[in-house]
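*Asks:* Okay, here's what each chain looks like letter by letter:
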Amino acid sequence: MKKILRLILITLFLGLNFLAVVCAQGLSSSELINNAKQYDGKLVTYSGEVVGDVMSRGEFSWVNINDGENALGIWINSGLAKEINFTGSYKSRGDNLEFVGVFHRACSEHGGDLDIHAQSLRQVSNGRAVKEKLNFDKVSLSLILLGILFLTWILTLFKHK
Amino acid sequence: MMVIPILVAWCFKEINPALDFIVGIEISALLGLILIKICQTDKDLNWMQGMIVVSLSWVVAMILGAIPLYLSGHWKSFLDACFDAMSGFATTGLSLVQDLDHLSYAHNFWRHLIMFLGGQGIVVIALSFFVRGFSGAFKMYVGEARDEKIMPNVINTSRFIWLVSIVYLILGTLALGVTGILNGMKPVNSFFHGACIFMAAFDTGGFSPQSQNILYYHSFAYEVITIIIMVLGAINFKLHYHLWMGNRKELIKNIETQTLFVTIIATFSVVAVGLAQTGIYPATVALFRKGFYQLISGHTGTGFQTIYAAQFFTDWNPLAISGVILAMALGGAVCSTTGAIKMLRIGIILKAFKEDLKRIIMPERAIVVEKFHHIREVFLEDKIVRSALIITLAYMILYGLGALVGMFYGYPFLESLFESTSAAANVGLSCGITKITMPAMLKVTYILQMWAGRLEFMSVFTILGFLFASIKGK
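Listed in order, the protein sequences are those of chains F and D. For the first sequence, position 62 matches number 61 in numbering that gives the first Met the number 0, and the numbering has no gaps at all. For the second sequence, position 469 matches number 468 in numbering that gives the first Met the number 0, and the numbering has no gaps at all.
Some hints could be false.
[To be verified] Below are the DSS-like pairs computed for lysine-lysine, each with C-alpha atoms no more than 27 Å apart in a straight line:
| no. | chain 1 | residue 1 | chain 2 | residue 2 |
| --- | --- | --- | --- | --- |
| 1 | F | Lys41 | F | Lys90 |
| 2 | D | Lys248 | D | Lys434 |
| 3 | D | Lys75 | F | Lys132 |
| 4 | F | Lys137 | D | Lys248 |
| 5 | D | Lys75 | F | Lys137 |
What the hints contain is simulated information worked out from the structure, not anything from laboratory work.
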């Protein structure tokens with residue numbers, strides 16, 4: 000009996016230890032995609048920038064998180080999703096968030112999608128609006144080309160006559 | 000056409016992207032002025048000139064189309080921008096863009112617009128809007144892999160192709176836009192994505208405004224709508240014309256739709272058995288959403304993905320992958336926006352096999368006559384079969400050559416064949432080889448494959464013959 004109890008305790012300890020390692024490390028999207036079978040159904044930590052739209056589907060929402068390599072879909076409680084202020088686009092940098100959740104290689108709830116069902120969210124850094132500065136090199140280039148174009152047009156007219 | 004993304008930039012208050020397109024317009028106009036001065040002639044084009052004009056137009060379009068892309072700073076090199084421009088014009092969908100999720104609306108619209116333009120055919124645009132009618136028009140039309148006239152006149156045919164596309168564009172954008180809103184997207188984004196995704200789906204392109212492609216939407220409804228649009232894009236424009244005229248029987252009788260139906264079932268069976276062996280999608284819905292979607296996307300030559308590129312080789316088995324490769328190699332209908340061997344040729348080859356089998360089985364004196372229905376009843380003549388077999392063989396050689404180049408750079412056989420078939424058949428599904436870090440020669444190989452595959456060889460053979468003759472001094 001003692002032996003069985005000891006075995007259960009050791010297994011439980013090792014299992015929890017593995018989970019803690021997976022959680023603590025924080026995994027990249029490439030690691031998760033390339034080793035999906037290994038992480039399937041496990042609790043993982045994943046972080047990155049929110050990109051595109053936060054798509055509310057009632058009680059839960061979809062957010063897509065890009066860690067610089069790929070973007071992964073995160074299924075999150077809509078209440079938690081309300082904490083998102085900025086999403087990444089041409090004119091903004093999205094909030095950098097860290098999620099802890101269950102990773103699915105082929106989620107049965109979502110038609111086989113590779114996704115993470117988030118349990119908690121932590122804001123790593125705030126997003127911001129990106130103010131577009133006029134690129135003077137591009138302005139100069141377009142003006143020079145306009146001059147060349149005009150000159151060529153005049154030359155072709157002159158030669159034609 | 001670069002005026003349209005400038006209007007998009009103006010709508011979304013994007014200054015620098017607008018400048019990229021202004022530079023693009025200026026360079027295009029400058030080149031146009033020079034070419035008019037050097038090449039203007041009153042003589043009509045002969046077949047060889049028509050073919051050369053078409054094949055070179057596509058190379059020039061690629062270079063000019065790549066200018067605004069490169070200036071955006073989202074492409075690592077001009078070669079990468081050219082890769083995406085050719086991929087867009089040839090409606091392939093393979094991409095080397097960096098940080099797509101932060102790309103401007105204007106540049107994103109341009110990526111999808113070039114698919115829309117390339118899908119109808121660059122020459123079709125010229126014939127529709129700029130050419131008043133000359134006999135060289137048909138030669139250029141044929142050079143762009145369109146040998147079927149819907150109307151008696153090729154200019155009216157080109158205009159009909161545009162009419163069909165614009166009507167579907169409005170309907171498709173509305174359907175996808177409303178679905179996007181119901182999926183929780185912001186209305187502006189929803190309709191912007193709707194227009195982009197429609198252009199990529201109907202023209203069997205495969206670009207998408209976000210890096211996750213169709214997986215970004217996490218929506219079954221979105222997947223179903225895109226499947227319908229992809230299939231519409233894979234149908235012959237001539238068949239569209241008959242459907243519009245109320246001749247629905249043509250859809251059932253036509254050899255292309257019959258062959259498409261059979262090959263979809265056959266290739267999906269292969270994929271489904273392969274996926275069932277892996278056990279990755281135990282639920283039928285998941286197997287359909289992942290297996291059937293990638294298959295139909297490959298078969299129609301679109302290249303939309305709802306799985307990550309790496310998943311093809313980490314989660315799928317060789318049988319399922321082979322099913323997708325086979326579907327990509329077959330393609331859609333002739334005179335559609337798809338690439339690859341195409342259904343008419345496959346149908347003709349199968350009919351020829353049937354005819355030969357009959358000849359073996361039946362008595363020697365028996366006269367075997369085989370017919371097929373494509374808009375009208377056509378007798379299966381040897382020259383039709385020969386032409387179908389030559390193009391099929393040319394495609395198979397093209398798929399093989401690309402795979403060899405891939406293997407030369409150290410990629411495994413199946414991965415190389417997958418990516419090569421995807422490029423040459425203008426599909427756009429990727430198993431992960433196409434990325435910024437791949438060798439430059441492989442990028443050039445895929446560009447050449449996309450170009451040759453889209454023009455269906457005739458124009459490319461002509462230009463190669465012309466170059467060879469020039470070198471020999473003939």
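*Asks:* Hints first: check each against the structure and report whether it holds.
*Replies:* Verification of the hints:
Among the hinted pairs, lysine 41 of chain F with lysine 90 of chain F is inconsistent with the structure: their alpha-carbon atoms are about 35 Å apart, more than 27 Å. Taken as a hint, the lysine 248 of chain D and lysine 434 of chain D pair is broken in the structure, with Cα atoms around 45 Å apart against an allowance of 27 Å. For a cut-off of 27 Å, the pair hint linking lysine 75 of chain D to lysine 132 of chain F stands: about 21 Å separates their Cα positions. Restraint check for lysine 137 of chain F and lysine 248 of chain D: not satisfied, since their Cα atoms lie roughly 56 Å apart, outside the 27 Å limit.
Restraint check: the Cα-Cα separation between lysine 75 of chain D and lysine 137 of chain F comes to about 18 Å, which is no more than 27 Å; the hinted pair holds.
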